[in-house]
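*Asks:* Residues per chain are reported as follows:
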Amino acid sequence: MTDTTSQPEPTPRTYLDVLRERFGAAILMTSDFRGELTAVVAPEQIVAALTFARNDPNGYPVFEDLTAVDWPERQPRFEVVYQLFSYQSKSGLRLKVQLSEDEPTTPSITDLWEGANWYEREVYDLFGITFEGHPDLRRIMMPDDWPGHPLLKDYPLSGTERGKGAGANPPMVHSYNQRPELGPGAGGNAGIAPLTIAPAAGTRPRDVDYDHADTNIDPPEIQHATRGDL
Amino acid sequence: MSTIMHDHDLEEALDGIEGDRRDISVINLGPQHPATHGVLRVVLTLAGEEVLKAEAVVGYLHTGIEKTAEYKTYQQALTLTDRMDYLAPLSNNLGYCLAVEKLLGITDQIPAKAQTMRVILAELQRIASHLVWLGSNALDLGAMSVFLYCFQDREMILDMFELLSGVRLMTSYITIGGLLADITPDFPQKLRGFLEYFPPRLAEYHGLLDNNELWLERTKNVGVMSQETAMQYAITGPAARACGIDWDLRRDLPYTGYEQYKFAVPVLQDGDVYARYAVRMAEIEQSRRIVEQALAVLPTGPWQVDDPKIVPPPKWQISASMESLIHHFKLYTAGFRPPVGEVFQRVESPRGEIGFYIVSDGSPRPYRMRVRGPSFANVQVLPMIMKGGMLADVISDIASMDFILGEVDR
Chain V
0 MTDTTSQPEP TPRTYLDVLR ERFGAAILMT SDFRGELTAV VAPEQIVAAL
50 TFARNDPNGY PVFEDLTAVD WPERQPRFEV VYQLFSYQSK SGLRLKVQLS
100 EDEPTTPSIT DLWEGANWYE REVYDLFGIT FEGHPDLRRI MMPDDWPGHP
150 LLKDYPLSGT ERGKGAGANP PMVHSYNQRP ELGPGAGGNA GIAPLTIAPA
200 AGTRPRDVDY DHADTNIDPP EIQHATRGDL
Chain P
0 MSTIMHDHDL EEALDGIEGD RRDISVINLG PQHPATHGVL RVVLTLAGEE
50 VLKAEAVVGY LHTGIEKTAE YKTYQQALTL TDRMDYLAPL SNNLGYCLAV
100 EKLLGITDQI PAKAQTMRVI LAELQRIASH LVWLGSNALD LGAMSVFLYC
150 FQDREMILDM FELLSGVRLM TSYITIGGLL ADITPDFPQK LRGFLEYFPP
200 RLAEYHGLLD NNELWLERTK NVGVMSQETA MQYAITGPAA RACGIDWDLR
250 RDLPYTGYEQ YKFAVPVLQD GDVYARYAVR MAEIEQSRRI VEQALAVLPT
300 GPWQVDDPKI VPPPKWQISA SMESLIHHFK LYTAGFRPPV GEVFQRVESP
350 RGEIGFYIVS DGSPRPYRMR VRGPSFANVQ VLPMIMKGGM LADVISDIAS
400 MDFILGEVDR
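So the sequence lines, in the order shown, correspond to chains V and P. Residue 206 in numbering that gives the first Met the number 0 sits at position 207 of the first sequence; the count goes up by one each step and never skips. Residue 313 in numbering that gives the first Met the number 0 sits at position 314 of the second sequence; the count goes up by one each step and never skips.
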């Protein structure tokens, strides 16, 4: 605190400046927190920004991670987070795109990096965000006929058999062994799975509409299996 | 968990195949199969013994760890990280703790003893994890004795973990701000004993497999992954170094004091199962070197940061000082509140780069904890390296990628 006369040091030029120069107003927000660069890109420019960062000789050619964050109180509600890396500069770059609750859709980047395939499937499965142009957008972690998307903030931590999302502090409800898919490993489950869950009448599992707004669907009907079913 | 191949995929797989060979069969390998190393299901389309198409199906171990973490305080969420990659819990602890420490801005306050111990533990964990991989890989390809020897050695490492933390596997010994407890007085002696005992054993493993005709037949030119594929699929760790990607976070982006130690990063070009074997074997030796150097400079002194808002005060203080009692109570009931922000911390786990992306909204619980595990990428790439191989090679491929399904599914 003794040296009060010196000028504040000019902030060193980062890749965020490069992005700002190239994309201008499409870079909605930037931050440099603990040495990590983040830029929020407008939805219509996100693929262009990712392509630019990948192809730029001083850019970030390695796809590292793709995930999402749900902010129910914010507008727009969803953030899809792309984590890029460069072996050359030994640093990472985080690009984000914000998506509204009404239309949680963004173009797939599987054309840029084939490896993004499963990451996009995971975000689709756990958040209900869809990726246009994805070759094979299916659930990956949850069973095919699972209702809702577990990583949404209004999806309860436990007690999902009661249906209605209970908000941030779900009541402690006893959770049954309610794996609806007896699946290929059914032999091992025969002794411990007295419940099966029937999909709503008239729908095959594939026909269920997984639009994220359906988090508060009615609970699936629980039937006690008879001995013959197992 | 979602399944299965569609008809048009089948048509595509059969494209260009003539006559009798069009008589294909579809085999479900797993999810309950000893060679899938957990609960992985691989749907294989075979023409005779040749793999036309493979599809990996994951999700059987999905336990919602990322979701659960949002309901735990930062200290509580630490214990979840042990349970993802259950063969390298300490590497996961390290990654998580470094991420939270970065968020708190206390990275440079971690005492030297804790830093050095973290390196020792992470490298011992790497040796232990590679020993499990080596043993199970050899077992899958029919070499029973290697498996037994490896588990014997691994048990010695787990004994040391037990000595420190009281637990063999899910130790949670690396905590936010340092270590859970001071090291026990007999730990250095025990570690020295292991470092003396281990090199001849490693030489023995090399002797068992390196020039073994059966081993070479099953591993050379099998499951080849090109460098291009590895880049496209974000493959990291030994699997990437086996196909020529010269990258190791410990050397290139050092954390927790790795820059102080001398070690080589083994890189091979072939990209086959044998190259992945050779890279990991060389890594075991390098890890032993690092542990040796770290043990030689292991300092004395504190093992946690001196900040009662982050680490609990010592037990004796709690009964002597009211302030310590309050700190203890606040820490275990309310937790601490990091600033608003988000960090991504990468560390080199035995399987590759594990990244913790933590978003804080200023509350005592992580708003979002995302784990970018190396195993996820390693499983995703499996169909690419299996295609065109034989059914028996599928087992080699799975074993050589060394993934942990608990980390894939989380």
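FYI, nobody ran anything at the bench for these hints, they're computed from the structure. Please note that a few of the clues may not be correct.
[Said to hold, decoys possible] Taking CB as the label site, the calculated pair distances span:
{"hint": "1", "chain 1": "V", "residue 1": "PHE51", "chain 2": "P", "residue 2": "GLN259", "range": "37 to 45 Å"}
{"hint": "2", "chain 1": "P", "residue 1": "LEU147", "chain 2": "V", "residue 2": "PRO56", "range": "47 to 55 Å"}
{"hint": "3", "chain 1": "V", "residue 1": "PHE51", "chain 2": "P", "residue 2": "MET143", "range": "36 to 44 Å"}
{"hint": "4", "chain 1": "V", "residue 1": "GLY132", "chain 2": "P", "residue 2": "ASP22", "range": "43 to 51 Å"}
{"hint": "5", "chain 1": "V", "residue 1": "GLU102", "chain 2": "P", "residue 2": "ASP306", "range": "42 to 50 Å"}
{"hint": "6", "chain 1": "V", "residue 1": "PRO56", "chain 2": "P", "residue 2": "GLN259", "range": "27 to 35 Å"}
{"hint": "7", "chain 1": "P", "residue 1": "ALA333", "chain 2": "V", "residue 2": "PRO75", "range": "40 to 48 Å"}
{"hint": "8", "chain 1": "V", "residue 1": "PHE51", "chain 2": "P", "residue 2": "ASP360", "range": "25 to 33 Å"}
{"hint": "9", "chain 1": "V", "residue 1": "GLU102", "chain 2": "P", "residue 2": "ASP245", "range": "39 to 47 Å"}
{"hint": "10", "chain 1": "P", "residue 1": "ASP185", "chain 2": "V", "residue 2": "GLU100", "range": "55 to 63 Å"}
Glycine included, every Cβ here is placed at the ideal spot set by N, Cα and C.
*Asks:* Confirm or reject each hint.
*Replies:* Outcome of the hint check:
1. V:PHE51 to P:GLN259: 37 to 45 Å: holds, 38 Å
2. P:LEU147 to V:PRO56: 47 to 55 Å: holds, 52 Å
3. V:PHE51 to P:MET143: 36 to 44 Å: At roughly 54 Å between Cβ atoms, MET143 of chain P and PHE51 of chain V fall outside 36 to 44 Å, so the hint is violated.
4. V:GLY132 to P:ASP22: 43 to 51 Å: At 35 Å between Cβs, range violated.
5. V:GLU102 to P:ASP306: 42 to 50 Å: holds, 45 Å
6. V:PRO56 to P:GLN259: 27 to 35 Å: holds, 33 Å
7. P:ALA333 to V:PRO75: 40 to 48 Å: Once the Cβ atoms are compared, 32 Å apart, the range 40 to 48 Å for PRO75 of chain V and ALA333 of chain P is violated.
8. V:PHE51 to P:ASP360: 25 to 33 Å: With a Cβ separation near 31 Å, PHE51 of chain V and ASP360 of chain P satisfy 25 to 33 Å, so the hint holds.
9. V:GLU102 to P:ASP245: 39 to 47 Å: Hint holds: Cβ distance 43 Å, inside 39 to 47 Å.
10. P:ASP185 to V:GLU100: 55 to 63 Å: holds, 58 Å
Comparing the model with each numbered hint stated earlier shows that hints 3, 4 and 7 do not hold.
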